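S.K.: The task is simple: from the sequences and hints, build the whole structure.
Below are the chains, spelled out letter by letter.
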Amino acid sequence: MTSLRVIIAKDLTLLLRDRTALLFLTIAPIVVIAVAGFSLANLYGADPAGQTAYELPIVDEDGGELAQQIEERLSGDRSVRLRRVASREEAQRLVHDKVAGSALVIPAGTRAALAAGNPARVVLYTDPVKFLERLNVTLRVLKVRDELADTERARIVAELNEQRVRASAQLEELAATVERVRANLAMVRREAGEARERAAGELDAETERLRADVSAEIDAQLEQLAAQVNGAVASRVGALQQPAREYFDALNAARSEFEAWFAELQRLAARRADRIPDPPTFPEPPPALIRALDEPPAPIEVPMNLELRITPPSRAALDALAVGDVDLQVPKLEVPEAVVPAASLGVEEIGVDGGPTTINTFDQNAPGFSVTFMLLGMLFGVSLGMLDERDWGTFDRVRSLPVPVRNIVLGKLASRFAVGVAQMIVLFAVGFALFRISLGPQPWGLLLPIVGIVFVGTALGLIVAAIAPSRDAVVPLGSVLIVTMAAVGGCWWPIDLEPRWMRSVAQSLPTTWAMEAFNDLMIRGRRAEAAYVPTAVLLGFGAAYLALGLALFRRRLAKG
Amino acid sequence: MLDELTFEVEAGEIVGLIGPNGAGKTTTLAVLSTLLAPHAGEVRIAGHELRRAPQDVRRSIGRVPQEPALYPSLTGRENVVFFARLRGARAAEASRAADVALEQVGLAARADERTATYSGGMQRRLSLACGLLGSPPVLLLDEPTVGVDPQSFESIVVAIRAHAKGGAALLYSTHHMEEAEALCDRVVLIDSGRVVATGPPANLIREAVPGLLIDVVTDQVLHEGWLGDLAGARACAPPDAPSSGLPRGRAARVELADVELAPRVLERAAHNRTLLDFRMHRPSLHDAFLALTGHAPRD
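Taken in order, these protein sequences are the chains called A and B. So for the first sequence, numbering that gives the first Met the number 0 puts the first residue at 0; every next one is plus one. So for the second sequence, numbering that gives the first Met the number 0 puts the first residue at 0; every next one is plus one.
Treat the hints as calculated values from the structure; they're not laboratory data. Note that the structure is a prediction, hence the values are computed from the model and not measured. Glycine included, every Cβ here is placed at the ideal spot set by N, Cα and C.
Pair ranges (Cβ atoms, derived):
| # | chain 1 | residue 1 | chain 2 | residue 2 | range |
| --- | --- | --- | --- | --- | --- |
| 1 | A | Arg553 | B | Val220 | 53 to 59 Å |
| 2 | A | Tyr531 | B | Gly21 | 54 to 60 Å |
| 3 | B | Gly21 | A | Arg553 | 25 to 31 Å |
| 4 | B | Ser134 | A | Tyr531 | 49 to 55 Å |
| 5 | B | Ser134 | A | Ala417 | 33 to 39 Å |
| 6 | A | Ile26 | B | Gln150 | 41 to 47 Å |
| 7 | A | Trp500 | B | Gly40 | 55 to 61 Å |
| 8 | B | Asp218 | A | Pro468 | 48 to 54 Å |
| 9 | B | Ala90 | A | Ile424 | 24 to 30 Å |
| 10 | B | Ser134 | A | Pro468 | 36 to 42 Å |
| 11 | B | Asp218 | A | Arg554 | 56 to 62 Å |
Partial pick of chain B residues on the chain A-facing surface, computed with a CB cut under 10 Å:
| # | residue |
| --- | --- |
| 12 | Leu35 |
| 13 | Gln54 |
| 14 | Val56 |
| 15 | Arg58 |
| 16 | Gly61 |
| 17 | Leu69 |
| 18 | Pro71 |
| 19 | Val80 |
| 20 | Phe81 |
| 21 | Leu85 |
| 22 | Arg86 |
| 23 | Gly87 |
Taking beta-carbon pairs under 8 Å as the criterion, some of the chain B residues facing chain A (in silico):
| # | residue |
| --- | --- |
| 24 | Thr33 |
| 25 | Leu34 |
| 26 | Arg57 |
| 27 | Ile60 |
| 28 | Pro64 |
| 29 | Glu66 |
| 30 | Ser72 |
| 31 | Arg84 |
M.R.: Structure representation (structure tokens):
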């Protein structure tokens with residue numbers, strides 16, 4: 000193990016003193032990452048730094064707030080840089096002169112049409128050659144349109160809701176008022192009833208009083224009249240009673256004489272007295288008449304306390320004053336359901352893993368080109384390092400020492416492996432610092448594919464070192480190998496851009512698995528578990544390459 | 000391809016492995032360094048059979064390869080410490096060993112400079128320092144002085160000799176015959192993967208080229224038979240024209256049994272020609288190799 004450590008330390012020292020190699024391992028990939036990142040930024044539609052923003056001329060013929068709203072919304076999008084131009088002609092010229100790929104015109108009356116509920120359109124002048132720019136700008140304009148529509152709809156809905164709330168409040172107030180009116184009416188009715196009752200009572204009392212007064216008056220008048228009549232009657236009766244009494248005295252005397260005559264007659268007629276009819280009887284003067292003759296005439300009983308029937312005045316007037324049932328059945332008013340304006344169908348884009356839906360171009364380029372340069376560096380480092388040792392004679396010198404060949408090879412591979420891992424970590428750190436790449440929810444998880452792909456690169460370097468006949472052969476051989484693996488494996492562009500058959504082929508390349516893991520961790524924001532399988536595949540590739548490389552290397556050593 | 004290559008190196012002995020490029024020197028050293036597995040044969044180093052105990056062999060050898068085999072971005076000290084650590088030394092031990100080794104090859108003053116800033120000679124010395132780490136009982140040197148300056152050469156030779164004196168067995172591969180002749184106790188001359196001759200350099204030279212050599216250069220071509228019959232003189236393979244700078248056909252080498260034959264050789268060379276240059280010298284290992292193989296070590 001000492002020899003292994005010593006060889007690793009030696010190789011690391013050699014590398015640290017090789018400025019060209021260090022430059023190739025660090026600065027070169029950073030430069031390429033930066034160049035590629037900025038160059039391909041628009042491929043992904045967004046550059047977080049806004050340095051590759053599309054210039055979008057905008058013409059406001061409408062002169063209203065619509066342009067301002069569009070500008071405000073697009074100004075927040077770093078992939079578009081707005082440029083106000085005065086006229087439609089100028090906008091067209093800018094597109095025509097290829098200064099811009101698209102130009103946006105807001106025709107006059109647009110806002111008014113929208114306000115009136117009429118359809119309106121903005122105009123987008125485009126250069127069809129600038130496909131990506133046109134696509135991106137169109138998407139953003141459509142997005143702004145949707146946002147504005149949503150905002151307007153939200154405003155209308157809010158206004159309607161406000162109106163509904165107001166109407167609801169007014170209805171409630173009306174209902175309360177009706178209730179109050181009802182209560183007042185009830186009170187009025189009650190009070191009216193009570194007043195009516197009181198009026199009726201008073202009327203009755205007045206009528207009674209009137210009747211009593213009238214009756215008393217009548218009684219008085221009758222009494223006076225009776226007195227007068229009685230006086231007159233007494234006077235007249237007195238005047239009559241004396242003759243009447245004298246008559247009746249005479250009459251009574253006559254009668255008594257008659258009765259004595261007739262009793263003599265009857266006696267004289269003795270036996271025939273029965274035949275003598277009964278003499279007419281003198282009617283007995285009515286006792287009352289006798290008493291009347293004896294007594295002063297009874298005063299005329301004037302009926303007092305006459306039951307005067309005074310027809311009370313008609314109560315119709317009072318009834319007319321009665322407050323009847325007022326029909327205050329206010330129809331139930333309900334606030335109509337809010338009329339929701341027709342909604343625009345928006346698209347909510349949600350990353351299936353909860354990650355962002357927009358991609359930082361460097362999230363693709365930084366790992367992609369880091370892998371590319373790591374593989375190139377690893378391949379050249381291992382293979383050229385081996386060839387250097389061969390050319391310097393140090394390899395044979397070390398082989399002639401009591402050091403297992405295994406340790407010589409493994410020492411070199413281990414040092415390069417460590418350098419590769421360090422290189423990747425440095426490049427990711429630089430990418431994070433300069434290009435704000437995502438390190439995912441668990442940055443340590445990036446170490447898994449890093450270790451896997453560096454292992455692959457190390458083993459590949461051994462294969463190339465074993466089969467390359469000379470240094471001159473390493474560069475073309477290694478370059479073709481790495482460039483192909485990197486390109487097809489999705490290191491330079493998203494693998495989805497490749498045709499299906501190529502993607503199938505790519506599954507046999509370790510770079511594909513490495514990028515799959517990096518994309519999962521960095522762009523899709525998945526946890527480290529997502530890198531387990533790709534890392535296992537990478538380690539499998541590495542183990543196979545290492546076995547092949549060692550076999551080839553042994554064969555080469557045996558050949559001398 | 001090595002073919003029945005058999006030799007031994009004793010402790011404290013410096014043995015040169017001599018041969019032209021492609022002779023199999025580097026392959027031999029690669030096998031001995033356990034970098035190449037032999038298809039057949041037996042290799043035993045410091046008592047360890049290579050196929051059975053390669054790690055023991057590796058612990059027993061120090062290897063100084065043909066190229067510096069250093070990490071240019073590391074300092075001299077870092078290189079040495081690195082290889083010392085791989086030999087099993089702890090950090091502190093490695094650091095002390097590095098100091099000693101760097102001092103030994105005269106690089107202590109520039110130990111903390113990157114190896115890439117070293118001259119070729121300094122890199123060779125540093126490479127030797129790395130090979131000497133741990134005082135291995137067997138040191139395998141593959142042309143360790145190629146392209147080095149005299150100062151570095153001297154430093155390397157001193158270090159090698161000191162290590163051999165310490166009891167190590169050194170196998171020194173080179174195609175510099177003079178170097179091997181001066182440094183090695185014995186040499187193993189190989190060509191096309193086979194041993195041509197082996198022994199102390201003086202013996203090999205004496206056996207291959209017993210007399211003196213005289214090289215002549217004329218203004219015209221020396222046709223075959225130009226020497227004629229001259230007892231005690233024998234025309235032999237001319238020195239390597241490209242390496243000697245002589246025009247082909249106008250230079251010749253003659254082996255003399257006696258130094259007194261030299262004027263007569265010169266006289267015959269100058270016949271109808273102008274003698275531009277001549278040099279008489281004792282035969283070297285190079286000459287011996289040339290005599291034994293018919294071609295120069297650098298062919």
